[in-house]
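Assemble the whole structure, with the sequences as input and the hints as a guide.
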Amino acid sequence: MNASRMFSSRLFWPVVMLLVLFIINLVAFPGFFSLEVKNGHLFGSLVDIARNGAPTLIIAVGMTLVIATRGIDLSVGAVCAIAGAVACSIILGSPEPGSIGTVAVAVIVALLIALVLGLWNGFLVAVLGIQPIIATLILMTAGRGAAMLITEGQILTVNSPPFKVIGSGFVLGIPVSVVIAVVIFTAAALLTRRTALGLLIESVGINPEASRQAGVRSRGLLITVYTFSAFSAAIAGLILTSNQTAADANNTGLFIELDAILAVVIGGTSLAGGRYSLLGTLVGALVIQTLVTTVYTVGIPPIATMVFKAAVVTAVCLLQSPTTNAAFGRWRRSLGRGRPGTRTAERASVS
Amino acid sequence: MIRKMIGAVAVGAFLLALTGCSTASGTGSAGAAKAPGDIVVGFAQVGAESGWRTANTKDIQDAFAASGMQLKFSDAQQKQENQIKAIRSYITQGVDVIAFSPVVETGWDAVLKEAKDAGIPVVLTDRAVDSKDDSLYVSFLGSDFIKEGQKAGQWVVDEYKNQTDPVKIIQLEGTTGAAPAIDRAEGFADVIKADPKFQIVASQTGDFTRAGGKQVTEALLKSNPDATLIFAHNDDMGLGAIEAVEAAGKVPGKDIKIVTIDAVKDGMKALSDGKINFIVECSPLLGKQLVDIVKKVVAGESVEKRILTEETTFTQEQATAALPTRQY
Numbered sequence: 001m002n003a004s005r006m007f008s009s010r011l012f013w014p015v016v017m018l019l020v021l022f023i024i025n026l027v028a029f030p031g032f033f034s035l036e037v038k039n040g041h042l043f044g045s046l047v048d049i050a051r052n053g054a055p056t057l058i059i060a061v062g063m064t065l066v067i068a069t070r071g072i073d074l075s076v077g078a079v080c081a082i083a084g085a086v087a088c089s090i091i092l093g094s095p096e097p098g099s100i101g102t103v104a105v106a107v108i109v110a111l112l113i114a115l116v117l118g119l120w121n122g123f124l125v126a127v128l129g130i131q132p133i134i135a136t137l138i139l140m141t142a143g144r145g146a147a148m149l150i151t152e153g154q155i156l157t158v159n160s161p162p163f164k165v166i167g168s169g170f171v172l173g174i175p176v177s178v179v180i181a182v183v184i185f186t187a188a189a190l191l192t193r194r195t196a197l198g199l200l201i202e203s204v205g206i207n208p209e210a211s212r213q214a215g216v217r218s219r220g221l222l223i224t225v226y227t228f229s230a231f232s233a234a235i236a237g238l239i240l241t242s243n244q245t246a247a248d249a250n251n252t253g254l255f256i257e258l259d260a261i262l263a264v265v266i267g268g269t270s271l272a273g274g275r276y277s278l279l280g281t282l283v284g285a286l287v288i289q290t291l292v293t294t295v296y297t298v299g300i301p302p303i304a305t306m307v308f309k310a311a312v313v314t315a316v317c318l319l320q321s322p323t324t325n326a327a328f329g330r331w332r333r334s335l336g337r338g339r340p341g342t343r344t345a346e347r348a349s350v351s
Numbered sequence: 001m002i003r004k005m006i007g008a009v010a011v012g013a014f015l016l017a018l019t020g021c022s023t024a025s026g027t028g029s030a031g032a033a034k035a036p037g038d039i040v041v042g043f044a045q046v047g048a049e050s051g052w053r054t055a056n057t058k059d060i061q062d063a064f065a066a067s068g069m070q071l072k073f074s075d076a077q078q079k080q081e082n083q084i085k086a087i088r089s090y091i092t093q094g095v096d097v098i099a100f101s102p103v104v105e106t107g108w109d110a111v112l113k114e115a116k117d118a119g120i121p122v123v124l125t126d127r128a129v130d131s132k133d134d135s136l137y138v139s140f141l142g143s144d145f146i147k148e149g150q151k152a153g154q155w156v157v158d159e160y161k162n163q164t165d166p167v168k169i170i171q172l173e174g175t176t177g178a179a180p181a182i183d184r185a186e187g188f189a190d191v192i193k194a195d196p197k198f199q200i201v202a203s204q205t206g207d208f209t210r211a212g213g214k215q216v217t218e219a220l221l222k223s224n225p226d227a228t229l230i231f232a233h234n235d236d237m238g239l240g241a242i243e244a245v246e247a248a249g250k251v252p253g254k255d256i257k258i259v260t261i262d263a264v265k266d267g268m269k270a271l272s273d274g275k276i277n278f279i280v281e282c283s284p285l286l287g288k289q290l291v292d293i294v295k296k297v298v299a300g301e302s303v304e305k306r307i308l309t310e311e312t313t314f315t316q317e318q319a320t321a322a323l324p325t326r327q328y
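Protein chains in written order, with full-length UniProt numbering: chain A, 1 to 351; chain B, 1 to 328.
Hints listed in this document are in silico derivations from the structure and should not be mistaken for laboratory results.
Even for Gly, the Cβ is constructed at its ideal location relative to N, Cα and C.
Incorrect hints may have been included.
To be verified - Now the stretches of chain B that chain A is said to cover, found in silico as 3 or more residues with beta-carbon under 8 Å:
(1) 41 to 51
(2) 195 to 205
(3) 209 to 219
(4) 239 to 251
(5) 273 to 287
The structure is reproduced here in structure tokens:
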């Protein structure tokens with residue numbers, strides 16, 4: 001990849017921002033990159049970032065596909081809370097909360113309920129033609145209420161070792177939540193990029209009517225992406241709930257829809273639909289989680305945290321905007337003036 | 001068209017009926033003693049962010065149910081705007097008394113002024129507001145958070161009195177701007193500052209939640225590996241911290257001592273198991289006291305501006321003894 005292609009890549013600035021955040025962390029805390037094995041598992045700041053960022057990434061993968069169809073799913077946070085509430089109340093209600101069977105039933109029921117919720121979202125958007133932001137807003141508000149009803153307004157603390165594994169366990173020294181995130185990410189990438197599915201999703205995002213007339217079953221595709229989004233939200237909800245060993249209907253997944261949308265946007269996927277980058281979403285999710293860790297390691301006072309995060313996000317968005325990129329391009333061309341060869345090469349690669 | 005008109009007339013009549021009701025109850029409250037069943041109290045709760053809060057909610061609901069008064073309850077999900085909305089709706093409904101636990105300390109003057117103008121007395125529970133005009137509420141029922149912080153600090157001073165090496169402390173703060181977070185930090189700092197060996201090496205907010213406490217502790221333990229004490233502003237963050245300490249290969253309660261405030265059941269269990277070292281109680285069971293205040297206010301009697309809830313502290317042994325009879 002030559003220099004100009006690297007600059008014009010939408011991933012360039014997010015990756016730069018991620019590296020800058022890593023360097024800030026390294027300066028504030030020299031042991032930032034150190035990885036050790038403690039109690040038979042990996043231990044280090046990078047592991048924490050991957051582990052705590054996993055739920056956001058999982059939701060952001062679903063969100064990417066939804067946004068690619070020019071939609072949005074605001075209900076993911078509520079679905080997180082419902083999945084956690086359902087799983088915890090099943091585990092608490094069973095005579096053997098510690099048995100693997102109980103936990104398996106709890107997880108499967110939670111995921112099935114999420115599929116139904118996803119179908120509901122898809123039905124509202126694809127069949128009834130309600131605008132996605134409104135359609136999913138319904139579940140965003142009502143869903144958290146439903147989660148409160150399931151938990152009866154209480155924080156349900158579960159003491160179930162198999163359930164705890166989902167959010168805080170390790171497989172071969174790697175956090176289980178990271179393994180789950182990698183599996184979902186890879187599956188989504190292979191399914192949509194190794195087949196025509198991704199292209200079809202993008203075509204629906206560009207023009208649903210035209211793609212329908214071209215023979216794309218846009219209705220089915222829309223229902224599928226919303227269902228997948230709810231499914232991934234439920235998995236993230238189970239991870240979050242298991243990580244804190246309690247279902248907290250009010251706080252589990254609160255504002256995670258915004259983090260997920262931000263991850264997608266930082267990754268260069270346009271909210272206008274029609275184009276998406278799962279790799280970009282991965283970088284976006286990592287930027288967001290690293291940002292959180294940076295606040296702690298650098299010791300930014302809690303009062304200033306929001307401002308700091310806003311500044312970083314604003315910087316990424318400004319750097320990514322087409323206008324800024326065009327300005328950068330003009331600036332580089334003016335530097336390269338007098339070397340006609342470079343200029344033509346650049347033009348060619350841009351077009 | 002006719003159908004629309006009938007609808008409009010019906011709505012108008014309904015609205016008239018509503019205003020009729022509220023004026024009637026308005027004159028009623030000015031008169032002599034009301035039957036408990038006629039007293040309507042609007043309570044705007046913060047949310048259900050912790051086990052403490054749910055115990056608080058339940059106790060208040062139970063106490064009002066037992067008293068026979070009508071309680072209108074709303075959950076603000078930790079957002080000030082929701083709480084203001086709830087209070088405004090109580091004002092419109094013309095309740096007799098409004099009680100609420102403010103999410104944050106500031107920004108209440110306007111809505112409290114509205115309540116005052118409507119002649120509805122306001123009782124603050126558990127958390128205070130920061131306002132120059134203390135005529136905006138009749139009473140504040142709750143714990144003294146500064147004292148709680150001081151009690152926690154005092155235990156730390158006693159625990160390390162024979163040690164001369166620096167004691168490095170990580171503080172897990174509550175929601176930024178909330179009264180308990182500000183006051184507990186202040187009370188704690190007041191007591192430990194007498195001895196320079198106590199150093200708060202890092203202080204971050206964990207939003208009073210378990211997930212927050214865990215994530216903050218994970219990060220802070222890495223950047224401050226020599227910390228030996230964690231002071232969490234509530235049990236839930238302390239419980240999150242325990243998991244982070246264990247994940248870091250250290251023993252909570254031994255390698256890293258943990259002091260928290262609240263004494264909810266899960267926290268007391270951890271204290272009894274030796275994973276927490278000391279808990280300062282902050283009792284959520286103030287329903288009965290609130291009912292008494294409401295009765296007095298409605299009857300036109302004067303109440304004290306500041307009423308404290310009764311509280312104690314727990315060591316590991318005391319927790320083991322207290323657990324079987326713990327209500328929340």
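Hints, one by one, checked against the model:
1. 41 to 51: holds (count 5)
2. 195 to 205: holds (count 4)
3. 209 to 219: Since 8 is at least three, the answer is holds.
4. 239 to 251: holds (count 5)
5. 273 to 287: As far as the segment 273 to 287 of chain B goes, the hint is violated, because 0 residues have Cβ atoms under 8 Å from chain A.
Checked against the numbered hints given earlier, this structure breaks only hint 5.
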